[in-house]
Amino acid sequence: MNIGMTSLARPLQDALRPAGIQAEHIGGLWNLTLGLCALVFLLIVAACVAALWIAPRADAGTAPNLDSLARPERRIWRVIGWSTGLATVGLLVLLAADVFTSRALARMPLQDAVNIELVGHMWWWEARYRDADPSREFTTANELHIPAGRPVVVTLRSNDVIHSLWIPNLHGKKDLIPGRTATLRLRADRPGTYRGQCAEFCGIEHAMMALLVEAEPAAAYEAWAARQRRPAAEPADALARRGREVFLSRSCVMCHTVSGTSANAKLGPDLTHLASRRTIASGMFPNNRGHLVGWIADPQSLKPGVNMPPNALPPDDLQALLAYLETLK
Amino acid sequence: MSARDEKRDGRLLDDGRVLDISTLPTFAFGNRSPMWWGTMGLMAIEGTVFALTIMAYFYLRSHATKWPMSQFPPELIWGNLNTAIMLGSMIPNHYAKQAAERLDLKKTQFWMVVCMLVSIAFLGVRVLEFGALNTRWDSNAYGSVVWMLMALHTTHLITDAFDSGVLTVMTFTGLMEGKRYVDVSENAAYWYFVVLSWLPIYAVVYWGARF
Amino acid sequence: MTVSGDTAQRALATWPDRSGPGLAPGDAYTLEQTWSDPPGIIGWFAAINHKTIAKRFMVTTFIFFLLGGLLALAIRLQLALPNGKVLGPDKYSQVFTMHGSTMMFLFAVPVMQAVATYLVPLMIGARSVAFPRMNAFAYWIFTMGGIMLYVAFFLDIGPDAGWFAYVPLSGPQYSPGKRVDFWAQMITYTELSALMEAIVLITTILKMRAPGMTLNRMPLFVWTILVTNFMVLFAMPAVMLASTALITDRLVGTHFYNPAEGGDALLWQHLFWFFGHPEVYLIFIPPLGFMSSIIATFSRRPVVGYPAMVLSVIATAFLAFGLWVHHMFATNLPELGKTFFTAASLMIAIPTSVQIFCWIATLWTGRINFKTPLLFVLAFFVILLLGGLTGLMLASVSLDYQLHDSYFVVAHLHYVLLGGAVFPLFGAFYYWFPKFTGRMLSERLGRWNFWLFFIGFNVAFFPMHVLGLQGMPRRVYTYPSEMGWDKLNLVATIGALTIALSMLLFIVNVLHSRRRGEIASSDPWGAGTLEWGVSSPPPMANFHVVPVVHGRYPLWQEAGTPRYVTGLANEWREVLITSVADAKVDHRLWLPSSTIWAFLSAVATTILFVGSIFTPWAVVWGAVPVAIAATLWFWPKHDIIERRVESELRP
Amino acid sequence: MKARELMPALCLLVLLFLFGCEREQRPTRAPAAASAVADPSYAASGKTPVSNRYEENAYAVSQGKTWYRAYNCNGCHAQGGGDIGPPLMDAKWRYGSDPGAIYASIAHGRPNGMPAFGEHVPEDQIWQLVAYVRSMSGQLSGSVAPNRGDNLQAAPPENRRKKETPTHEATPAAEH
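Keeping their order, the protein sequence lines are chains X, S, Y and V. Per the working numbering, the very first residue in the first sequence carries number 260; after that it's consecutive. Per the working numbering, the very first residue in the second sequence carries number 12; after that it's consecutive. Per the working numbering, the very first residue in the third sequence carries number 182; after that it's consecutive. Per the working numbering, the very first residue in the fourth sequence carries number 43; after that it's consecutive.
Treat each hint with caution, since some may be false.
Claimed, not checked - Label pairs and their in silico Cβ distance ranges:
{"no.": "1", "chain 1": "Y", "residue 1": "Ile244", "chain 2": "X", "residue 2": "Arg548", "range": "51 to 57 Å"}
{"no.": "2", "chain 1": "X", "residue 1": "Leu345", "chain 2": "Y", "residue 2": "Gly518", "range": "26 to 32 Å"}
{"no.": "3", "chain 1": "X", "residue 1": "Gly320", "chain 2": "S", "residue 2": "Arg19", "range": "40 to 46 Å"}
{"no.": "4", "chain 1": "V", "residue 1": "Asp132", "chain 2": "X", "residue 2": "Asp371", "range": "43 to 49 Å"}
{"no.": "5", "chain 1": "S", "residue 1": "Arg19", "chain 2": "Y", "residue 2": "Asn397", "range": "20 to 26 Å"}
{"no.": "6", "chain 1": "Y", "residue 1": "Leu692", "chain 2": "X", "residue 2": "Leu345", "range": "45 to 51 Å"}
{"no.": "7", "chain 1": "S", "residue 1": "Glu17", "chain 2": "Y", "residue 2": "Asp820", "range": "25 to 31 Å"}
{"no.": "8", "chain 1": "V", "residue 1": "Gly117", "chain 2": "X", "residue 2": "Arg548", "range": "32 to 38 Å"}
{"no.": "9", "chain 1": "X", "residue 1": "Ala534", "chain 2": "V", "residue 2": "Ala196", "range": "39 to 45 Å"}
FYI, nobody ran anything at the bench for these hints, they're computed from the structure. Positions of the beta carbon are idealized from the N, C-alpha and C atoms, including for glycine.
Starting from the given sequences, assemble the full structure and let the hints guide the process.
What follows is the structure in structure tokens.
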């Protein structure tokens, strides 16, 4: 099976290409720090090279020069003292820059924020969109949509071990620690698709715990959210209806939820709007028929160790199930 | 500068070119002896372990809504009794140390035996202490950290008692020499440490759960 | 091992040839016999001479270094191409955990103590370390812990939760089975060993220096070892407590790390990093001593600013205990507290820069003898410098949000640990190899070794900075090809293979030179410290006549009076104890001789430790053989006591 | 050095170790057959008990515990203490305590409320559940059975439970 997201445009996952205000603050600090450090590096290496250049050569028999034991080398000490002073000033500049950046990060305006509760699972992301009106809340997984230009407050929890949310284009990382809650405030200022990944080792499939963040214009976001709030549509054709029967009578129903049906288990991701997502297996494979078949039949060869069991379905049942899953828009 | 003391400074031979140290003693007490530094190192390590465990106790406490997490704090009776016994044990310990440093075999033997008897007493009471903690190590984090503190200290009690026991036996087998007196003296210093380190642990285990 | 005629012969041409008459040949022979290790297989296990133990210690840690390196190669091969299939995810987790644990616990910290137990007595003019039997015990415990970990790994019980084993992943629920238990128990072993070595080295340095070697005249290397081992005393207990709590959580159901019952996952991180960050400096400070030794010798002058160097090392040690939270910036700790740790993390750069400036000044004003050891040391100025500067980036809270747990950190830590420790360590091997073996390493192979290592290192690790910035998290066993990380990963793998090649050259060089290398004189580099005053390799007793020291570089400076010490016994292992600060003579001490019981105690302790992975009761029944072995270890023999009492002088 | 003489022995040891340790493996796909499939009449037939190789594997038992919670076995059996369904941590077994019988109970259900999960739960997971269910009454070795979980403790962890000696409780005739 060919692993990969061939059908996706290459998603952005790059700390050096900020797409939001928070990542830009950090990017600015990075540029300053990099410049200063590069300068120091060049100066010290140059001093070292110069020292080797200037000093005469000798061999093991050369009598050691013990003058320094007899009288103090004040001139050298002065040079070292000044260099150390300069180094200290440089460090203080870095400290000040860090403090200012931290304050800037903390001061992002939060009016009209979208509230998302993100729960880490081994190895996928569960997202609950919060709302003052409980009827407007909904749950999805592994793909966040956010309105560009509007602040987002992500509340982070973990269901099992420590994970860490990292969407480099939007912000740095924050840990999801069981028994604790953390928040990450971010804002995407440019629409686009940004990829994030778990950054704290969380077990054997740590490498395959990604998520997509779709930053889109407000109208598109509202339309998406409205679709997510609806329960799954009644399948239109017989094949899909049979697929639903397969879903509910086989092992799928033991772990997944499709709202509007009797499937309401929580071990795996909510599949109510599976077909609207761009990826499966936590941001790892494109959501198309070929990968879906592979994933249902033998998830262990795509993501060894995942909790999803292999499902040996008769071909008819499999076709029906796929037809049903594709209706979950 | 005081006159040259052969026993302290050695002798100069060969026009001052050679320092003869055959006049120096072959053992010494206190911080002159490497054994003292070794013992101090052990104390530093174990003191750090105790301090960190106590910090862990207060760390967990700062996160708890209710402390102790179990219903009742430890009962005081055995803890108080054992604290008294341990503080009392410093008396024979002091005399054993003094006797060893005076190279007095008879007195060393006597006070070491007294120390052994006391150590049997506090080990016995320690068993009762565990029974009166009113929590188990697997009840909750409070129980775990209390048991950890108690178990760490008990390990020290046992090893120190065993150590002293072996030394006591040695004093009776004719295996005494200068270095052995140094060992007895350092063993006594370690005993002080075990007793004194108990005081903060006692305060935390018995009173940390009350205030 | 008995004294070969060759060694005894060379022993005669030692220190005294520069400071006075040696011992009469008969006495020298007796002295060598006294300090030799007993013959035969049992004798091999009973050896306690500090040089014998230290040599084994160095070889053992180096074997672990090679094993860790092979694991690193496996990691790089897996990551060379996207969707790699060399290791499965389960094997990969074990392999990278073993790689990290091996390099940190079985190589980097112990190798420094191993080198120190060899060199420190020679540098301070002592015949032995302070507690030679404990020294041997510490070695055996360490070795058995390492073997246990690898046996477990081969049995597919290799730990798989990362070298810092964050709970709850390493806890009872998410790491079923015994894998993490073996990891935690390995920690117990290596910490026990490191703590004992610390006591041995501190006592040796403070109480056994040759007369006249005041603290102010101690070689800088000895200073770094003294400071490092004081750090060990206060840092290691934290990880022992953390791993003990982990074991009890896993084995008897305590709740230290269970949030549902009042425990806390961050407690682990605090305890671990309270040890873990000073640990970096445990690894990094002794190489500063290598640097000072090598730079002084090869620029033919004392190091600039001795007091500044010493104070810098001490300042580094203190600051090292105030940085641990910078490993936890991505958690939800209060922001104000984090700023404090940023400041501390930045400030620790100051003492290091003072030292770098002093060394550059030494080179600048010296006359340079350009040999392989110096090459390795010069690499420090590029690699460690870069690692230190990326460290400043990681110290910043905001930058750390992006860089933390990414490949940038992988690059940073390898730049620090290899540049700051491994390169100087190799320099030290090349520098002291003649002292260890009596033969020189090949200079030609040495240069090839160096350049392949230096270039391979930068090719392997520099790209990782970029990978991290491009969003590659650490500890991923694979990555999709669309991420655009494949080219740099392939480059890194090529670099790793180059490093492997350079290591191969090093091994060839060592094996070849050990038998056929050029014979080394007692002081082939023209160095100034005491270890070069004795033959290469040194006699079993180190110093046939103990010198009296009058300066920081006794072999370079004029000898004063008195020049040497007489009056130590030749028939038994007698050493001279001096006072702490001024190294005034204090008393003579009869050290114990070889014993098998240090080894057997280590075996008994191993039974207890391994048993306690499977049942808590092993702590009870396992204590019995430990107690017996330890008692027999200390139980004196009647005839020895009689001789001792006879020769006794009371204080 | 004597070390060289030890080398062949060491190599041999290493080779031995390469065979690995089943108890610690993390099988990501089902072994060929965890066991022979049991039929519903199994308990009555009096055949020799079917063995379950997952009982030797700590990871599989821990997976069984995950399924036990995720599939809401607690709903009827509580934490093994029993509620609507019978307790699982005691010595009484209505349908036999051997793996085959437990498999049959889960896969095919039992009268008076135990549903048949055979359609819903893959065979492999059922065997993992079987191993876990047996660990609840201390039937598995302490180094395989699960340790405490990261949750509130209702009962001592499975690896420290006393091994109950199973008694076969006669099924009341009325239930058939």
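Evaluation of the provided hints:
1. Y:Ile244 - X:Arg548: 51 to 57 Å: Holds, since Ile244 (chain Y) and Arg548 (chain X) (Cβ atoms, about 53 Å apart) stay within the stated range.
2. X:Leu345 - Y:Gly518: 26 to 32 Å: Cβ of Leu345 (chain X) to Cβ of Gly518 (chain Y): about 29 Å, so the range 26 to 32 Å holds.
3. X:Gly320 - S:Arg19: 40 to 46 Å: Holds: the Cβ-Cβ distance is about 42 Å, inside 40 to 46 Å.
4. V:Asp132 - X:Asp371: 43 to 49 Å: 58 Å, violated
5. S:Arg19 - Y:Asn397: 20 to 26 Å: 22 Å, holds
6. Y:Leu692 - X:Leu345: 45 to 51 Å: 47 Å, holds
7. S:Glu17 - Y:Asp820: 25 to 31 Å: Since Glu17 (chain S) and Asp820 (chain Y) have Cβ atoms about 30 Å apart, the given range 25 to 31 Å holds.
8. V:Gly117 - X:Arg548: 32 to 38 Å: Holds: the Cβ-Cβ distance is about 36 Å, inside 32 to 38 Å.
9. X:Ala534 - V:Ala196: 39 to 45 Å: Hint holds: Cβ distance 41 Å, inside 39 to 45 Å.
This entry does not satisfy hint 4, going by the numbered hints stated previously; all others are met.
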